[in-house]
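Residue numbers (the numbering used here), protein chains in the order written: chain A, 1 to 376; chain B, 1 to 376; chain C, 1 to 376; chain D, 1 to 376.
Simulated from the structure, these hints should not be mistaken for lab results. It is possible that some hints are incorrect.
It does not matter which identical chain is used: a pair holds within one copy or between any two.
[To be verified] As a list, the in silico DSBU-like pairs of lysine-lysine whose alpha-carbon atoms are at most 35 Å apart:
id, residue 1, residue 2
1, K280, K362
2, K5, K215
3, K8, K153
4, K329, K221
5, K226, K135
6, K280, K13
Given next are the chains, with one letter for each unit.
There are 4 protein chains.
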Amino acid sequence: MIENKNLKYFSLKEINCKIHGRTDESQSPLPLFWNGSAVEVNVTGTELWIEVEVDFDIHEPWVGCSLNGALVSRQMLMAGRYKICLFRNMSVDSVKNVRFFRELQAMSEDNGNHLLVHGFYSDGSFLPVPDRTYKLEFVGDSITSGEGTYGAKQEQDWIPMFMSFSRNYAVMVSEALDADCRLISQGGWGILCSWDNKPYENIPSCYEKICGLLKGETNEKLGALKPYDFSSWQPDAVIVNLGTNDAGAFNQPAWRNPITGETFKQHLLEDGSYDPADLKRLEQAVIDFLALIRRNNPNAFIVWAYGMAGYDLTLPIAEAVNEYRRQSKDRKTFFLQLPDTTDETVGSRSHPGPKSHEQSAKILAAFLKSLGFVKK
Amino acid sequence: MIENKNLKYFSLKEINCKIHGRTDESQSPLPLFWNGSAVEVNVTGTELWIEVEVDFDIHEPWVGCSLNGALVSRQMLMAGRYKICLFRNMSVDSVKNVRFFRELQAMSEDNGNHLLVHGFYSDGSFLPVPDRTYKLEFVGDSITSGEGTYGAKQEQDWIPMFMSFSRNYAVMVSEALDADCRLISQGGWGILCSWDNKPYENIPSCYEKICGLLKGETNEKLGALKPYDFSSWQPDAVIVNLGTNDAGAFNQPAWRNPITGETFKQHLLEDGSYDPADLKRLEQAVIDFLALIRRNNPNAFIVWAYGMAGYDLTLPIAEAVNEYRRQSKDRKTFFLQLPDTTDETVGSRSHPGPKSHEQSAKILAAFLKSLGFVKK
Amino acid sequence: MIENKNLKYFSLKEINCKIHGRTDESQSPLPLFWNGSAVEVNVTGTELWIEVEVDFDIHEPWVGCSLNGALVSRQMLMAGRYKICLFRNMSVDSVKNVRFFRELQAMSEDNGNHLLVHGFYSDGSFLPVPDRTYKLEFVGDSITSGEGTYGAKQEQDWIPMFMSFSRNYAVMVSEALDADCRLISQGGWGILCSWDNKPYENIPSCYEKICGLLKGETNEKLGALKPYDFSSWQPDAVIVNLGTNDAGAFNQPAWRNPITGETFKQHLLEDGSYDPADLKRLEQAVIDFLALIRRNNPNAFIVWAYGMAGYDLTLPIAEAVNEYRRQSKDRKTFFLQLPDTTDETVGSRSHPGPKSHEQSAKILAAFLKSLGFVKK
Amino acid sequence: MIENKNLKYFSLKEINCKIHGRTDESQSPLPLFWNGSAVEVNVTGTELWIEVEVDFDIHEPWVGCSLNGALVSRQMLMAGRYKICLFRNMSVDSVKNVRFFRELQAMSEDNGNHLLVHGFYSDGSFLPVPDRTYKLEFVGDSITSGEGTYGAKQEQDWIPMFMSFSRNYAVMVSEALDADCRLISQGGWGILCSWDNKPYENIPSCYEKICGLLKGETNEKLGALKPYDFSSWQPDAVIVNLGTNDAGAFNQPAWRNPITGETFKQHLLEDGSYDPADLKRLEQAVIDFLALIRRNNPNAFIVWAYGMAGYDLTLPIAEAVNEYRRQSKDRKTFFLQLPDTTDETVGSRSHPGPKSHEQSAKILAAFLKSLGFVKK
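Turn these sequences into a full structure, and let the hints guide you.
Spelled out as structure tokens, the structure:
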């Protein structure tokens with residue numbers, strides 16, 4: 001291997017580098033908490049490396065890299081501080097757009113999971129990366145974590161390999177509208193509670209922090225639990241894709257807090273229908289979450305998009321969205337049903353596959369266009 | 001032209017002939033009132049003609065013919081009593097499945113419009129036509145009348161040529177599930193009122209008659225206004241695709257009854273939102289219609305499918321469906337949003353084109369499959 | 001039926017009317033000999049009828065009609081002289097482009113088959129129909145006659161219903177390149193002989209006449225056997241799609257002239273390969289036909305496109321095309337293989353279906369683009 | 001990172017491991033010379049690592065990994081001997097099929113390029129990997145090296161990143177037919193000479209060695225230059241996709257041997273046509289190569305597939321194939337034209353993109369099916 005003697009190290013702070021995803025930008029190295037969190041550069045030179053620092057207890061991070069908008073690599077990262085080559089032997093003068101992104105969702109179940117970016121090595125120079133026309137925030141569960149977008153249909157193991165940003169409807173919608181995007185999602189979590197009735201595993205509870213579903217001292221040091229500065233990045237639309245796990249909770253046993261003994265459960269009546277009281281608190285959670293999003297994003301369109309993994313809560317969610325609109329007079333909030341996944345569109349782990357993401361991305365992008373979003 | 005000397009006349013009554021669509025089967029000749037109304041035969045012999053009787057004041061009927069399930073012809077019919085050849089010179093012994101169907105919706109604006117079937121001429125014999133696995137009833141407006149499924153994008157004339165059964169989501173869903181289907185639809189009509197606020201142009205008001213939107217002495221003689229005998233054909237699912245015109249009414253001037261001076265209008269508030277009182281009566285109309293459908297179809301799934309021509313009333317309709325479920329405990333009633341038509345999927349007259357019908361048919365068929373419908 | 005009192009009769013001669021397809025334009029009424037033969041008008045007014053005269057012994061003609069470029073009707077025609085309504089009740093001032101075209105190939109097996117156009121009835125006026133950017137001539141067999149493009153897969157009867165221009169690769173290529181087109185084709189015919197070894201059923205023998213494969217006094221009077229005036233319509237490209245039947249002939253018994261006792265046959269050797277002498281005369285027929293086409297179309301690109309119904313003669317035809325190029329120095333002649341039809345793309349009568357035609361049309365249009373054809 | 005203490009090392013020799021691609025299987029570590037060269041295992045356990053040894057002067061190897069048939073990772077490899085984790089935390093008992101494959105072609109321009117496999121680390125056990133139904137050998141140039149299948153359309157740098165096995169028509173055909181495959185390809189090389197007239201850069205000259213286009217002591221030690229034992233893996237079909245570079249050579253300046261001063265060039269005549277003498281030696285090279293393939297693969301179908309990057313040599317190649325068939329009486333040799341790449345199907349570096357590979361793979365797989373290949 002003939003070494004390139006001209007490589008120089010550049011810390012993120014000293015170069016033009018666009019940061020994607022909610023993070024604490026004052027940190028060095030920079031944490032990439034969410035799937036879709038990324039560093040993006042426009043760089044000349046023949047060669048580019050990124051220096052990362054990785055750790056985890058159980059679930060390793062996966063990353064992808066796109067070059068001039070095309071996905072070229074995707075890989076698992078092991079623990080350690082090391083360099084990864086992103087390109088080599090390219091024309092020295094041309095400007096290469098490179099995006100190095102996290103494929104794996106933030107991992108609430110592995111507080112040791114960290115993906116930090118120190119800087120780059122290159123023999124080129126770093127030019128500004130302009131913002132795209134729009135900003136979109138996607139808030140969701142395993143669907144938005146891209147679970148099922150990689151791997152064979154038969155797979156049932158819950159492992160990072162099968163989650164992604166690269167085959168995610170969020171990135172497809174963003175490409176269709178020339179938008180930057182940020183994702184906040186967690187597999188198994190809901191609006192009110194998790195698929196197995198854990199009442200604290202809901203996205204609203206962590207929405208106002210940078211990455212509030214993480215715990216532990218290291219994550220705290222990395223800024224995950226800091227309040228998120230909404231003014232720093234005001235989205236043109238917030239897409240909420242939640243409800244699938246709340247539907248599941250009705251069919252799961254109660255959760256019991258192992259310490260306090262307290263329990264939580266969404267109940268079915270004897271006839272198999274949802275207990276009205278439990279449905280009520282779920283609908284209230286929808287209304288409260290919409291109000292919370294609105295408070296933090298005063299000008300954004302808010303679209304509650306639901307259905308990719310089952311239609312069970314279509315009516316209660318739609319009704320709650322409607323009730324929120326009535327109460328708030330907030331006419332920039334919408335409900336959009338997305339097509340359920342079928343045998344033809346399913347991916348691994350019985351989750352929406354790439355074809356399902358493509359189908360929903362088309363419908364969602366068309367809806368946003370009808371609200372005035374125009375790809376230039 | 002060498003004449004076939006072996007043709008014999010068969011009136012409908014004396015042969016195996018399956019009748020599609022709501023009609024008065026005691027009539028002779030048999031009226032085909034709705035788009036999708038049809039006669040279907042399994043016939044041997046080399047040649048088949050159908051004898052029809054046609055009239056209209058302004059809007060001529062169009063018909064299509066499928067042979068062994070494949071559409072082979074589509075044409076305009078002029079007034080008169082005459083024979084149309086459906087096939088010639090085919091193998092004498094093979095059984096040919098032939099369906100001769102009306103492409104044009106029932107025409108509430110042309111009481112002179114009639115398409116009657118007297119019988120067939122053939123040199124073969126007529127074998128029984130078995131029922132398909134399921135029965136589906138589709139209730140709708142111009143979308144279900146197939147408006148926009150034929151013709152160039154630029155067309156704006158409101159003429160029968162551009163409406164169809166042959167490129168209609170209703171037939172696509174039925175093919176996908178091996179179902180017979182009946183359609184009840186009228187362009188411009190709504191749940192509560194028409195696109196231009198006519199309060200009597202709503203589908204519920206004519207749902208319990210054979211073809212209650214027709215008027216005039218001839219139609220009455222033909223049985224159009226007779227009560228429809230729901231027991232004769234109980235659908236496995238009723239799909240309601242209404243709401244588009246009710247949404248439009250809010251943006252149209254008031255309708256004034258030219259005789260009584262009485263007026264009707266769905267209002268917008270000054271801020272552009274729907275007047276809550278008007279919305280309320282619309283939602284009540286949804287609830288009442290669901291109850292009416294349920295009363296007449298006690299075992300059917302009912303699916304309110306909405307969105308192919310705009311999402312404006314998604315939330316009020318969803319809420320009304322939910323309210324109906326709550327009040328009635330009717331758990332076999334559902335709401336399904338269908339994707340709005342886009343520049344890519346639009347047809348003539350700014351209506352959903354064939355691609356839009358295909359897209360929605362896939363989603364609707366998948367939904368019915370999830371309810372247990374299985375194509376054998 | 002309320003009659004339109006404003007209709008006037010216009011003979012073809014007195015109006016702007018574009019004639020498609022080889023015919024004797026001095027005739028009145030005008031014969032439409034080939035599939036794709038058509039009259040096309042740009043007309044204002046609310047209503048348009050065409051007056052035709054039709055006859056046949058056995059095989060009835062089928063026609064189609066497109067309005068503003070969209071196919072709206074397709075039907076069988078019976079014998080007689082009568083009017084067919086093409087549109088009604090359209091906006092009086094708008095210019096409607098209407099093409100009334102023959103779906104059925106010229107019928108060498110039915111000398112009584114005629115489709116003649118007398119004129120139009122309309123309440124509008126007829127504006128000029130401009131030429132398209134290019135002119136394309138398609139020369140072929142049952143594939144170019146569109147056999148298999150309509151009807152169910154199971155169909156095996158050889159009847160006009162299953163042939164078409166409307167779903168033919170020829171029209172698809174022409175639309176893709178903004179071209180006018182003329183078709184010369186006959187099912188069963190070949191370069192040298194027919195599928196069953198009839199030595200006179202080859203397209204080259206009739207290429208220089210208007211419709212040289214027809215016989216009988218009436219056809220002669222209609223001008224079918226007149227020399228074709230190539231100077232009147234010089235194509236930019238001639239696409240030859242022949243060879244399928246010549247391949248079949250090797251596997252069929254010898255043909256015997258019932259009168260003279262003379263026989264003809266393309267032979268297989270005992271090992272199943274083509275007899276070299278028979279192959280030689282076939283290759284010579286290819287060379288001779290190319291020379292004949294070139295003589296009559298000095299500036300056209302010539303593309304021998306082969307393969308949609310089997311690849312058997314790919315090598316001999318390619319070699320003959322190459323030999324012709326060598327001998328003639330004619331560098332504007334090409335060979336293009338088209339994809340064979342598969343289970344997924346097959347239509348009725350085991351012939352290429354619409355999907356096969358679409359696939360080949362794409363490849364052929366792309367090839368013509370590579371030669372410099374540009375859709376404006 | 002919590003370490004898995006149960007991992008054990010397994011050298012390739014001691015386990016069930018299927019080796020893909022021509023190589024010297026007696027080597028340890030095992031060289032993966034060609035794109036598509038791979039090791040494939042069926043393994044239980046929760047975790048699997050592969051130990052590789054990598055080196056190169058300039059052009060780094062890229063690899064991919066599929067799990068249960070689905071591509072899950074693709075990455076660049078740097079020099080060194082190290083382990084790569086292929087999966088972690090999977091169900092211990094299930095059998096995982098893992099294929100670790102080389103994405104990069106053999107690199108005749110970088111004799112330092114080596115990718116060697118030492119063995120695996122796992123906590124599971126290795127079960128036999130059965131052969132697939134068929135064996136296919138693909139012989140080609142940059143198209144078969146997958147050049148252009150990754151990267152943005154605008155890319156023009158010639159780097160390994162843009163070549164692949166994973167998006168290659170060869171793997172698509174093999175999946176469609178349930179076949180194992182071996183690839184022999186080199187960008188820029190031809191049948192007779194390279195794109196720039198280098199007379200020794202032709203695939204036939206290295207066809208009988210394991211990887212005869214490599215040079216240098218290390219490659220020799222690794223067995224690259226050993227005769228290839230054809231009896232060890234007799235393909236059911238050999239697909240030759242060569243000719244694109246031979247066409248290019250006619251338009252390039254002469255090559256001059258820097259040492260001997262000897263030159264080589266394929267000439268155009270003044271009128272722009274191919275010099276017949278040069279064409280002759282090219283056609284002879286086709287004939288000789290077919291004879292060479294046949295000698296080594298007595299029972300295989302041989303398909304010369306050409307056209308994905310231009311049709312220039314369609315006729316000379318077809319004629320040569322035909323001449324070879326005549327001379328040899330070899331009736332299991334065929335010519336198949338594949339569709340040229342268009343603006344819609346092009347990939348990076350103006351080469352066929354994934355859509356072009358898919359299109360050609362479908363046509364090629366259908367052709368092989370017509371020869372009797374049946375996916376079980």
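Going down the list of hints, with the structure as the test:
| no. | hint | verdict |
| --- | --- | --- |
| 1 | K280 / K362 | both (32 Å within a copy, 33 Å between copies) |
| 2 | K5 / K215 | between (42 Å within a copy, 27 Å between copies) |
| 3 | K8 / K153 | between (44 Å within a copy, 29 Å between copies) |
| 4 | K329 / K221 | neither (40 Å within a copy, 53 Å between copies) |
| 5 | K226 / K135 | within (22 Å within a copy, 58 Å between copies) |
| 6 | K280 / K13 | neither (48 Å within a copy, 58 Å between copies) |
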